[in-house]
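Taken in sequence, the protein lines are chains F and L.
Numbering follows the working numbering, in which position 188 of the first sequence is assigned residue number 188; successive positions increment by one, without gaps.
Numbering follows the working numbering, in which position 97 of the second sequence is assigned residue number 97; successive positions increment by one, without gaps.
A portion of the hints provided could be inaccurate.
To be verified - Listed below are several chain L residues computed to face chain F (Cβ distance under 8 Å; list not exhaustive): (1) Y29; (2) M33; (3) V43; (4) N44; (5) D138.
No lab work stands behind these hints, which were simulated from the structure alone.
This one's a predicted model, so the numbers in the text were calculated from it and none came from an experiment.
Heads up, the beta-carbon is just placed ideally off N, CA and C, and yes, glycines get one too.
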Amino acid sequence: MKKNIIISSAIVLGALCFILASALRSDPEKLMINVARNYEGIYASPEDTIRFPGTVSAMKAEGDLLFGYVHELKKLYQYNTGNRKTTPLFDTQSFLSGILSGFDIDPVSGTFYFLNTNTNKIYLFRPKDSLKDSLYFKYLHFASGEKCFRGADFFIRATDDATSLTSLKKVDYTGGADTTLYTFTQYPDGGISADGFFIKDRSSEKQFFIPYYNAEIIQYDEARNNISKIITIDKTMPHNNVVPASHGYTISSKSRIINIAAAADSAHLFVLSFASSRGKNEPPGTVIDVYSTITGQYESSLQLPFFEGRRAVLLEKSGDRLYVAFNNDVVCYKIKFR
Amino acid sequence: MKRNTIITILSYSLSILFVYAASAKAMVYTDFMADIAKSPLLVNYNKAILAPGILGLEFLTVILLQFNATLKLGFYLSSFLMLMFTLYLGTLYFFYTNIPCSCGGILGRMPYPVHIIFNLLFTIFSFYGTFLCSKPVDRPQSAVV
């Protein structure tokens, strides 16, 4: 009996010590993954720093031009990498109300599209003839989206009010038929697992939906009308976003933002990840993971330093240039694959 | 109730629990690895050792609980594991905002307070088992799960 009490006490003490040691060494901010990143495949050298008059909330690159939208001033700015000049393009106050959820450019027609989820409208502006218009679909509530490469369609994420199902749709705002391209599995998580943002690459005619909270990136090949998935190396599954609690559900640690920003070129997808891997000092939000858009496989990673103490928030890719926004400043890197 | 009968019930219950918990984790091993990797408490441990280690200990407990000669050791190991799981969940529940639980199957779906109480109950069962095994056990060996 005495021996029993001694061994049981040792078990209790051992368990308490282990938990206490774990708690003292814990790091609630860190999101660790089990993959060793490859830093040998890609090299980036800073080429230019562009200062905008306010925080850049959305960014697009087309050829030698970089467009940055400054929400606090409600202005769109254009930066020319040739002459290194930043010029205000136009004010959106006259035709855009509420918060902008994204913007897009059609370089052929010179039209800018501004998406607004509050009003459920897509605002058009063509600077060359000051054409202003808006697109509206009464029954379709979109959350975010991009203009398709072909025709007048938009690739958007929308939730059906009746079924609460969230889908990626190709929507014809001129009154034609809509196509549901992908429907997200529904979890009782308030839509967190299907929340994300869009990016695209014009040369390959590919659109990407990047989820904030899980690893399943949806790739839409518009030319082939084909949907496929790219799984990021953290492998966080969408169903892990919420966990049951005594009164309904609570957001689990797995629902922390993993993918912050992304950019694509004809063969690669660059994802700014919040996950850190073992063996290297990777403060959250400093690593860009590169995936092949052809094979869907992880290729290599790139670590970016903080800029004036700030971490990167937006990415954009054009040619061999990778633009990284840090609030007011955008750093342009030249990318080389080894 | 006879002492041997209680021991048999306890070892059966714990064996079923560990077989179920370990199998549920093993069946979704990649998810299990990813889940424990995101635990704020386990952030500084090597998951490549920790994950198979947990599964190995759970299966080892089941094996030890099957034989009269190793029954007491099985209850000790079970006590340690159940106490660790209870303290782990309790610490996360009371001191951290994000609560990951890597348990698979029905255990992972339990609300956290219920899960903690459930674990606590099986911790008490395990410790009770060790005390019942103070004297030699004469249990039929058919208790193999």
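Status of the hints after comparison with the structure:
Because the beta carbon of Y29/L sits about 11 Å from the nearest beta carbon in chain F, more than 8 Å, this interface hint is broken. At about 6 Å, the closest approach between the beta carbon of M33/L and any beta carbon in chain F falls short of 8 Å, and the interface hint on this residue holds. Proximity of V43/L to chain F holds as hinted, the smallest CB-CB distance being about 5 Å (cut-off 8 Å). Evaluation of the N44/L hint against chain F yields a held restraint, the C-beta minimum of about 5 Å falling below 8 Å.
Annotation: interface hint on D138/L violated; nearest CB of chain F at approximately 19 Å, more than 8 Å.
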